[in-house]
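Undergrad: Start from the sequences, fold in the hints, and give me the full structure.
If you want the building blocks of each chain, they are given just below.
Number of protein chains: 2
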Amino acid sequence: MEVCALPEPLVRMQYGTEPCEKNVLALTVVTAAGDIIHVGSKARKSSAGYYLARLFVGSEGTLGVITEITLKLYPLPEAISAATCHFPSVQDAVRAVISIIQYGIPVARVELVDESAIAAINQYDKLTLKEVPTLFFEFHGSTLGVQEQAEIAQQICLEQHGDGFEWSAHPEDRTKLWQARHNAYFACLQRQAGSRILNTDICVPISKLAQCIDHAAGHLKSSRLKSALLGHVGDGNFHALISIDPSSPEDMADAERLNALIVKDGLRAGGTCTGEHGVGRHKIQFMKQEHDLGALEIMRVIKNALDLENVLNPGKVLLI
Amino acid sequence: MEVCALPEPLVRMQYGTEPCEKNVLALTVVTAAGDIIHVGSKARKSSAGYYLARLFVGSEGTLGVITEITLKLYPLPEAISAATCHFPSVQDAVRAVISIIQYGIPVARVELVDESAIAAINQYDKLTLKEVPTLFFEFHGSTLGVQEQAEIAQQICLEQHGDGFEWSAHPEDRTKLWQARHNAYFACLQRQAGSRILNTDICVPISKLAQCIDHAAGHLKSSRLKSALLGHVGDGNFHALISIDPSSPEDMADAERLNALIVKDGLRAGGTCTGEHGVGRHKIQFMKQEHDLGALEIMRVIKNALDLENVLNPGKVLLI
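Chains as they are written, first to last, in my numbering: chain C, 1 to 320; chain R, 1001 to 1320.
Think of the hints as simulated: they come from the structure by calculation, not from any bench.
Even glycine gets a Cβ: it sits at the ideal position worked out from N, Cα and C.
Hints should not be assumed to be uniformly reliable.
Here chain R is said to cover these stretches of chain C; the calculated rule only asks that three of the stretch's residues, wherever they fall, bring their Cβ under 8 Å from a Cβ of chain R [unchecked claim]:
(1) 43–53
(2) 108–117
(3) 141–148
(4) 199–206
(5) 231–245
Straight-line Cα separation of at most 25 Å, PhoX-like style, residue types lysine-lysine; simulated pairs [claimed, not checked]:
(6) R:K1130 to R:K1226
(7) C:K288 to R:K1042
(8) C:K72 to R:K1208
(9) R:K1022 to R:K1316
(10) C:K22 to R:K1130
(11) C:K42 to R:K1264
(12) C:K72 to R:K1072
(13) R:K1042 to R:K1022
(14) R:K1208 to R:K1221
(15) C:K176 to C:K126
(16) C:K72 to R:K1130
(17) C:K42 to C:K22
(18) R:K1022 to C:K22
(19) C:K72 to R:K1264
(20) C:K130 to C:K176
(21) C:K208 to R:K1042
(22) R:K1288 to C:K42
(23) C:K22 to R:K1208
(24) C:K208 to R:K1072
(25) C:K130 to C:K221
(26) R:K1316 to R:K1264
(27) C:K22 to C:K72
(28) C:K208 to C:K264
(29) R:K1022 to C:K42
(30) C:K208 to C:K288
(31) R:K1072 to C:K264
(32) R:K1221 to R:K1130
(33) R:K1208 to C:K42
(34) R:K1130 to R:K1176
(35) C:K22 to R:K1072
(36) C:K208 to R:K1022
(37) R:K1288 to R:K1226
(38) C:K264 to R:K1042
(39) C:K72 to C:K42
TA: Take a look at the structure:
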């Protein structure tokens, strides 16, 4: 959990479908010794030796400093459709997403925005969106394909008590449908003068997502701090945005307590203490609960072997 | 390059679309010290510490022995269509695949089988397939979607001089269309009594695939050894199956020479010396050409740190 007043990081460019690391083909890395090394190639797959690219990606600068990245590119889809749908509860919304994924629909993006975030967006954008848990979808494919995907998603949403399903394949309408989601972070940041956001995320097995979101929402609602939930629900990953006055130790303590409650519940559910944000300093305390001691020891051995003098981003990720 | 009389390994269960490692969520691993460790979780993504699962996968048992694997599961698609198409040359076939991918069609599988392999299949299965380079496709999606994908692929194949495009969404017909591809390995193994297959693979940037296959095909044709080319062309990955008499040092030497020519051309094209098969002992010699010295040194440091006494599959992957 890092205090963060910036927009969402690049790693989230592909919401709610697949981890982005799979798109990293090659890296240039500066090692602890100051050597410049190249790992990976432009080949889409390789089994020639240890896959160092994936070791450096996500190591938060503790194993080397990444200075160049070669990414895999994708063609633009022939057609895109977008949709939104309201739900009486986050559980209903999550159940709809699970059914849609199980049906085999290749959802390109699916995002959950809770009622609190929608209220903040209404205030920020001067909109009158229904203040209930809302799903935002995007489908990629052929012209017929994206229509069909949207229509099947609509049927499934209705079965899970969704209402007000709207969809469009026209660029202007798609942008309008997704605008609320794109502004969610800034809307939450703006609703309290001088506030900052403590933004924490966990990722859990999708079968446990509804119960974990429910647990998190319960604690957030019972807190005096303003908060919102945003979910990359196709991945089992969700974010709690907690508004704090950065000069208030009480706010910080309360936000930390909420963070710990959410993370520990995610770990009990077999998940991870962070899906996207990383460990930094604030989540080091949860590493022991998430990983078994042997795995943590392997991480320490690798860190020590590659950075003997602990000069690379010291104090982050691992307690050495 | 390993002498191999076995069917194709499990890692190739998902032909020609994406590397399979992305489907590994968690592992149980026995370390060099004999400790049993668990890495990863059932969460679909995590940024909590170093991603050890991807380090162990593909390390060929040199960093630990994998004893349990947790895989990501996918729903069966609503509909599947399969197609085959003949081409006057492998270049035309590869160009068709590149155009189809660039068009944005989410091809589930696409395989190239060259004329030599088709001849072997005809002999093995008593078929009368046209002995020319042939593409085998599979498309996943909705009923309408798979029809549309097959039809667009057909148009693109025709533009690239393909002919005899056949497609079907019926299970029996699909199986029949793909039967030749599934039997290719055994057909090549059977065409020379007592022979074994030296099966080498490389993976190159897709933009270089046609020229690398052309280069490989030229050398294979000019050899006295029987051979065939099979390509997971959607990935830029292809395999050369070279028939040898395992008791003949001349056959072994010739096969090694062909392997070296194919691999070195792939490396010149910015590719990897092995896309799927791994390094083992035979491809250690190419590691220096593929990786820069700094990257190889990082691999060695990791190997030494995790297996100080070099007890885990010694002599494989790296020259320690």
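Undergrad: Hint compliance check: list the failing hint numbers for this structure, sorted ascending.
TA: Result: hints 2, 10, 16 and 37 break, sorted rising.
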